[in-house]
Amino acid sequence: MTAVVTEAPKASSMDRMRTFAARRASVLPTLAAIAILIVLLAGAQVEFGNFLTPGNLSALLLDHAYLLVLAVGMTFVIVTGGIDLSVGSVMAFTGILGASMLASGIPVWIVVPVMLAGGAAIGTLIGVLVQYFNVQPFIASLAGLFLGRGLAYVVSLSSIRVENPPILWLQQTRFVMGSWYITPTGIIALIVVAIGAVVMALTRFGRTVYAIGGSEQSARLMGLSVARTKVLVYVISGLCGGLAGLLLTAYSGAGYPRYGIGTELDVIACVVIGGTLLTGGRGYVLGSMVGVFVFATITTIISFMGAEQAWTHIIVGALLLLFIVVQRAIVARSDRQT
Amino acid sequence: MTVDTDVRPLVSMRGITIAFPGVLALDGVDFFLRPGEVHSLMGENGAGKSTLIKALTGVYAIDAGTIEVADEQRDFSSTADAQAAGISTVYQEVNLCANLSVGENVMLGHEPRGLLGIDWNAVHRDAARHLASLGLDLDTRSPLASHSIAIQQLVAISRAMVLDAKVLILDEPTSSLDRGEVDQLFAVIRSLRERGVAILFVSHFLEQVYEISDRITVLRNGALIGEYLVEDLPREALVTAMIGRELDELSALSGAAERTIDRAGTPVLSAEGVGRKGVLEPADLDVFEGEVVGIAGLLGSGRTELVRLLYGADKADAGQISVAGERAKMHAPRHAIDRGIAFSSENRRAEGVVAELSVAENMILGVQAQRGWMRRLSKTEQDAIVAEYMEALGVRPADPTVPIGTLSGGNQQKVLLARWLAMQPRLLILDEPTRGIDVGAKADIQRKVAQLAAEGLSVVFISSELEEVLRITQRLVVLRDRRKIGELDPTEVDLDGLVDYIANAGHTERSATR
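Chains as they are written, first to last, in the numbering used here: chain X, 1 to 338; chain G, 1001 to 1514.
With the rest of the complex left out, here is chain X:
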């Protein structure tokens, strides 16, 4: 073999930027999200003067711990090119289920695994529908949404208070560092993000998730375990739904069957703003975390302004639109290179 093909130009210092852009075009949307987050935080600080305080920033994380957990699960699903609309109602169902079990005196070490298993079970159902019955993810997870919400109402029609000490401990304990503080719920959310990021980046399972999003057909022909992976992403999303149910119950001190109505859409918005392509194949768990923080910051700014929370959704909607257009442009550009 003498023919040597050299396609990669040896990076001179001048076009190192270009090499980076070409190699890592997929992080650009996430970088854009970080930029927007910084602009938002800086703008809020300038406007209100007391926005960037440790207490406020800590609350930013802790008030949205459940959203962060849901976003991690959703990232797996969306990167495969799927969607999971069930997460909000799964969270409500596991939350109310847990609260009612605790109220009837079942010990917490049974209740928590049952909550997680309940979420994973609905996820499995959706995954099996998608993979083995060829149901569109939108439809399968819509069925999951109705199922979860229905089951939540079956468990209880009204709110159930949680007075179980270990559950309350999750929210009421504060680990303080100076003026910063974090609760176990926040720590759990951050651990989930870390695990999610590692699994996506450093395991064969995670890479298969990306491969499926790139081309499911190719992934199958490459001998990757497509079926198992596709079911698993919904199981993970369901599991995250169950965990979010636990966090939300701890956060609010109660289970309530009407929690999380429309939350699935917030989660999808966060994930997309964080740079994950809705068509799959590109995205980062850490990007979704940035997306959640953007969402959280907007919510907080709106409440600082004392404006109607409806504005949150208008602004998030506008951002979402902007990001989808930006992503289209980036994808179109990288396609043109071929």
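One or more hints might be untrue.
To be verified - What follows is a list of derived Cβ distance ranges for each label pair:
hint, chain 1, residue 1, chain 2, residue 2, range
1, X, Ser156, G, Leu1377, 56 to 62 Å
2, X, Phe138, G, Asp1081, 31 to 37 Å
3, X, Ile261, G, Ala1398, 32 to 38 Å
4, G, Ala1318, X, Ile261, 53 to 59 Å
What the hints assert, rightly or not - Residues of chain G placed beyond 10 Å of chain X at every Cβ, according to the derived structure:
hint, residue
5, Glu1104
6, Arg1129
7, Asn1221
8, Lys1329
9, Ser1408
These are calculated hints, taken from the structure and not from any lab test. Think of the CB as a built atom: it goes at the ideal place given N, C-alpha and C, for glycine as much as any other residue.
Position chain G against the provided structure of chain X, taking the given hints into account.
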């Protein structure tokens, strides 16, 4: 049948039978693949080539017969099984993930892992090593999508080598490569052959088959015709074996080039300085009544881009187009269709057929769109059109109610041709109408084009196969590097002359102006 038995086959497929509802796709076919050989599997579309390959790669389960790999009987139930047995496949449409890096595509599913999970440095190091062993020096961290199809194909082969493939199946690997890229691919194939890999090669390009193969197996209608050494099988014999009839049809068309065209009148289509920045330098083109104008050039020379501008599929930013002497705005396909111009895209699957609809529905689509959706074609009108063209083009199977997706590529192409012809256009633009289809269908399509032109239809014909362009056109427009470099009379130039013109013409003029 000449089969030497000195080398023990690595793959022995005996009595392979696969039946689909209503069709016996393979009927007791034997196929043997020996280490260190390039073995071409030949046959028309529908002969059972793809089915045989899919049986060997575990996509289809076999209904009868045995598959032995390295003297061990195998029962494949998935592609992963076949890969585990050392059988890797590189498909026509590159089956890699364009969203991932080159290195990851090579190593996916086989990534070296450390304590913390995948060791990315090792992934890229190993990938670079595998690529280098095929003579490729790529930035393994660059996204696959940033490389040409040819490179992607070589990356796919590298991937097969990672799996330590003993058997490499190349299914139409060259259909979208230009000559230089084919040479590069062949160099890789030869080096793999030297390493003792058994290579199964499928291509519609006879030249390439003869260039690279050691042995040829011919299938026809799901049955084995024979296995031959290349030197024992002259081309005519191969074509005869493949289609089961003497193929004078292609040569019978050779008179088409001599047909004289009256170029005194107003051209049906006249383009002056039509171009688009970054896509095509401004070019002129006239097409007269009854004329078949061929567009020749390498892949990427601007052939498709030119006709897309003429048709309005892409918007030109320079020049003007007249249809029958009248200036016409071509900003959308609608404008072209209204003026009787039809365009059959090279991308049959994405821009041509609607796979789920029936053959009849696909045929009617164009006429119906032209009439507007409010004025539905009656069942009788539809049936008349469908019957006429099924017959005229010899669509197989002759059942217009089956979904078009189940037809072979050649027959799909015939249906598309019918769709445009049913609209009775005055100018028909055919972009690679014969790519990836079998010899018989190719002959049918060429004959139909020649016949229609003789009846007065104007045709713009693009094909990568220069013999074909030379055979059926009356004028040749040659493009290179997104620029029109000249026009040729096909009666005055032979294949070598045309190749030379495509490769060299214009270079001297340009250097003179410098």
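Results of checking the hints against the structure:
1. X:Ser156 - G:Leu1377: 56 to 62 Å: Because 60 Å falls inside the window, the suggested range holds.
2. X:Phe138 - G:Asp1081: 31 to 37 Å: 33 Å, holds
3. X:Ile261 - G:Ala1398: 32 to 38 Å: Roughly 57 Å apart at Cβ, these two residues miss the hinted range, so it is violated.
4. G:Ala1318 - X:Ile261: 53 to 59 Å: Once the Cβ atoms are compared, 56 Å apart, the range 53 to 59 Å for X:Ile261 and G:Ala1318 holds.
5. Glu1104: 7 Å, violated
6. Arg1129: 14 Å, holds
7. Asn1221: Correct as stated: the minimum Cβ-Cβ distance to chain X is 27 Å, above 10 Å.
8. Lys1329: Check passes; 26 Å lies beyond 10 Å.
9. Ser1408: 20 Å, holds
The structure shown violates the earlier hints numbered 3, 5.
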